[in-house]
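Novice: These are the residues of each chain, in order.
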Amino acid sequence: MELKDKLVSSYVAFENRVETDSEVHEIRSRALQNFEALGFPTKKLEAWKYTSLNAVLKQDYSLFPNKENNIQLADVKKYFIHDIDAYKLVFIDGKYSSFLSETTHDTFDVCLMSSALVKPKYKAVIENYFDKIATKDNLTSLNTAFASEGAYIHIPKNVEVEKPIQIINFTTGSEAATLLQPRNLIVVEQNAHVQIIERNQSLTSNPVLTNSVTEVFAAKDATVDIYKIQNDAENASLVDNSYIEQKSKSIVSVHTFSFGGNITRNNLNFFQRGEHIDSILKGITIIEGKQHVDHHTLVHHIAPNCESHQDYKGIFDERATGVFNGKVIVEKEAQKTNAYQKNNNVLVSDKATINAKPQLEIFADDVKCSHGCTIGQLDEEALFYMQQRGIPKKEGKALLMYAFANTVLESVKIPEVKQRITQLIAKKLGVDIGFDL
Amino acid sequence: MSKYTEEQLEQELKTQEYKYGFYTDIESETFAKGLSEEVVIAISKKKNEPQWMTDWRLEAFRVWKKMEEPEWANVQYEKPKFQDIAYYSAPKEKPKLNSLDEVDPELLDTFKRLGISLDEQKKLANVAVDIVMDSVSVATTFKKTLGEKGIIFMPISEAIQEHPELVRKYLGTVVPTTDNFYAALNSAVFSDGSFCYIPKGVRCPMELSTYFRINEGGTGQFERTLVVADKGSYVSYLEGCTAPSRDENQLHAAVVELIAMDDAEIKYSTVQNWYPGNKEGKGGVYNFVTKRGLCENNAKISWTQVETGSAVTWKYPSCILKGNNSVGEFYSIAVTNNYQQADTGTKMIHLGKNTKSTIISKGISAGSSQNSYRGLVQIGARAENARNFSQCDSLLMGNLCGAHTFPYIEVKNKTAQVEHEATTSKIGEEQLFYCNQRGIDTEKAIALIVNGFSKEVLNKLPMEFAVEAQKLLEISLEGSVG
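Chains A and B are the protein sequences, given in the same order. Going by the numbering used here, the first residue of the first sequence is number 1, and it counts up by one from there. Going by the numbering used here, the first residue of the second sequence is number 438, and it counts up by one from there.
Take the hints with a grain of salt, since some may be wrong.
To be clear about the criterion: a stretch of chain A counts as covered by chain B if any three or more of its residues have a C-beta under 8 angstroms from a C-beta of chain B, and this derived list gives those stretches [unchecked claim]:
no.	segment
1	7–16
2	356–363
3	371–378
No more than 25 angstroms apart at the CA atoms, straight line, and that leaves these computed lysine-lysine pairs for BS3-like [to be verified]:
no.	chain 1	residue 1	chain 2	residue 2
4	A	K351	B	K784
5	B	K503	A	K49
6	B	K784	A	K327
7	A	K332	A	K368
8	A	K43	B	K503
9	B	K790	A	K44
10	A	K368	B	K881
11	B	K759	A	K368
12	A	K332	B	K719
13	A	K332	B	K863
14	A	K247	A	K327
15	A	K342	B	K784
16	B	K503	A	K342
17	A	K351	B	K759
18	B	K790	A	K351
19	A	K44	B	K516
It should be emphasised that the hints constitute simulated quantities derived from the structure, not laboratory data. The beta-carbon is built from N, C-alpha and C at its ideal position, and this holds for glycine as well.
So that you can see chain A by itself, here it is in the shape it has in the complex (with noise of 0.2 angstroms):
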């Protein structure tokens, strides 16, 4: 059975197990119908041009694992940011683990999708701002249709929120192949300050598809920085599908790191409505084999005087696939916007490729925007002087390209998550060396 076919059919299914008399279930519902007209993305779809999830969609993904699945700590601490404190929102085979994970609800909360859903608590936080920002494209609609777990976070007015919350989606395996959906909403009111670290890990070699939504609401003077790590085993594929809404004088930051997985797409969605914005995207990828890896940014430029800053880094080898669409759109009401773009790849092999596609849509005259986009090489000069200094030609390269995608790993605020990262570079590009120089 096709899984499309096979996801409507479970449906019923579906709605014995999660509340159908409320407002949520009618949002559900109407999601099911459009993904039932609409069906999985294709290549003729300009926005999928370039990435094709035909072969993933071949496996025949269980859709709700059964089995409790229990892992011990031990085993996975090491896909924790284990060396500071954090909250931690855990989930097992899309199932909450409430043995790993550390929730709050003292002064704000973080908590779990399900119970929100259903408690009247945050019926209001829910019925404000559920589905209220993503899109009703074909994988949203998919994820929308099945909304029942994620991470539920809520940040009151002037809380500045002490340590980082991690949500991280373990599948254990357990089934021959997983198809998780996990549905996260985060509201951050005014003036709270909020920093979240994302994760998603496959614990076998078995195939898994995680189509995630998040959506973000960041309020007036909000601050959030999200760090996105996707590092997962070679049959894990990813759609990752974000939805952030500013207010005015907000600054949100989203950082994407891309070092594993199979086919990993990032839709990755800003709207601005307000002004003196701030949204700052960037991402580094870094992958070989025959790993795909496709980042989809939209800003959206609605209101004056904001400012949008992208910066992604690709570096590809063997047959690895980069693909970046990077669109801004300025409307006309958005005047003295500064919009900047780049995005710079360097190629190693010659059977990888890179499909760049930066787009600007402009509708206001009283603007600067700028795109740059390049696709090169190292440089030999470079290369040369270090093996004179008696540089290894591998470790040279290696601190060249760490040189390459420094720009974006500047600006991450978490020290720990700065060093898990330039570890995991290290390790990506087959080097022992801690770039502290």
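Here the structure of chain A is known, so what remains is to put chain B in place on it, guided by the hints.
Specialist: Chain B only, in chain A's frame:
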């Protein structure tokens, strides 16, 4: 001195009417409207074409029937009704001319009003003009001079008669009949165009040029141009267009094919000023053109275009860099005003080793117009050391217009070096203030800045054409270019 502000300029731009909107009344022999196999055969018969040509057209027509109109371009317009177009129109008097005196005086007058005096061009600019007026050539000059060098430059309909082996060998090799909707349509019904062949090692001594004009109301213009530069030859080809003011939308679906063999160089320059519609966006020409060039080893093709006209433009002059060390260039200025829409750019397909391409695109949008750059840079897996540099700059005047960039970059070779950059800006207050301080009034200052903005491309035009291009820029943005 009264202060001239940007608002005033904008106002002026809005009210600027099309200056070349006049209509020449030459008796036309026009086919009834509609398109069918019979019409295709009739066109072919009318032109007295050999059987292979008729078959070629029919094949294209059959392909076209199965195709759908493309919708991906960033333009909105009422689709032309293809059964409502007359597919053939020729000036009735088709004189064989040797000198200008024999040309219909009314026609000469038309050109005079356009500011293109044939005499002047003949004498001063040394340009051979093959005038295409509603699809059939009526005057060909300098044929003799060219003939001495072995250069063939004639209407393609004549070339089909006189040099069928050449036409048959090259026609449709760069833009196949199945390429796209409008190329297929053109292949089926093209009425005339130009054919140019430069023999081995010959450097064409003059700029070759053609002026296209759409004339008869309700007739589509389907031009077909084929330029073949044999090994080691050089040619510079100019194409200019102006069309009379009309309310009905007119369709222009041309195909241009360039073939540059080993060590050859083709420079193809276009100044396009079809009727853009009036200031409410009514009328105007639809310009859906397929232009493509093929480069063999060490060959070079350079496209230069100044686009100021047409209600809707859909045009991507491309280079297939097949040979090693071949070079492709694209220099473009696209100006849109009022309700004009332009979706234009280029494709650079790098297949050979050490291939180079340069793209410089300047877009100026004013009024309520939409200006898009859409380009593709593709580096094949075997294209070692390919190099590309792209630069797209947009200048916006007023907040009703839009500027868009859709660059596609696809690289499959690690030795490739590709750079793309795009900027969007308006005329800076500081820049204007700086000029004002030095006694340059605002109008002149804007002119200066726009001129400077487009200079990189204007410089690439042949001298003879640069004047014309300046003139057309003035028409589109009068008051801003001095």
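Novice: If a hint holds in the structure, say so; if it does not, say that too.
Specialist: Hint-by-hint comparison with the structure:
Proximity of the segment 7–16 of chain A to chain B, defined as three or more residues with a beta carbon under 8 angstroms from a beta carbon of that chain, is not established by the 0 residues found. Coverage of the segment 356–363 of chain A by chain B holds in this model, with 8 residues showing a Cβ closer than 8 angstroms to a Cβ of that chain against a need of three. For the segment 371–378 of chain A, the stated coverage by chain B holds: 7 residues have a C-beta nearer than 8 angstroms to a C-beta of that chain, and at least 3 were required. As the CA atoms of K351/A and K784/B are separated by approximately 22 angstroms, the hinted pair is consistent with the 25 angstroms bound.
A hinted pair counts as satisfied when its Cα atoms are at most 25 angstroms apart, and K503/B with K49/A qualifies at roughly 23 angstroms. The hinted pair formed by K784/B and K327/A meets the criterion: a straight-line CA distance of about 20 angstroms does not exceed 25 angstroms. For the proposed pair K332/A and K368/A, the alpha carbon gap of about 13 angstroms is at most 25 angstroms, so the pair holds. For the proposed pair K43/A and K503/B, the alpha carbon gap of about 22 angstroms is at most 25 angstroms, so the pair holds.
The suggested pairing of K790/B with K44/A is violated, with an alpha-carbon distance near 31 angstroms, which exceeds 25 angstroms. Proposed proximity of K368/A and K881/B is supported: the alpha carbons are some 24 angstroms apart, at most 25 angstroms. Between the alpha carbons of K759/B and K368/A the distance comes to roughly 38 angstroms, so the proposed pair goes past 25 angstroms and is violated. Between K332/A and K719/B the CA atoms are separated by roughly 24 angstroms; this keeps the pair inside 25 angstroms, and the hint holds.
This hinted pair checks out: K332/A and K863/B have alpha carbons roughly 13 angstroms apart, not beyond 25 angstroms. For the given pair, K247/A sits about 20 angstroms from K327/A by alpha-carbon distance, which is consistent with the 25 angstroms threshold. Note on K342/A and K784/B: the hinted pairing holds, with a Cα-Cα distance of about 22 angstroms set against a maximum of 25 angstroms. In summary, the hint linking K503/B to K342/A is not supported, as the alpha carbons are separated by about 42 angstroms, beyond the 25 angstroms threshold.
Restraint check: the Cα-Cα separation between K351/A and K759/B comes to about 20 angstroms, which is no more than 25 angstroms; the hinted pair holds. The straight-line distance between the Cα atoms of K790/B and K351/A is roughly 16 angstroms, inside the 25 angstroms bound, and the hint therefore holds. Restraint check for K44/A and K516/B: satisfied, since their Cα atoms lie roughly 23 angstroms apart, inside the 25 angstroms limit.
In the structure shown, a violation is registered for the earlier hints numbered 1, 9, 11, 16, in ascending order.
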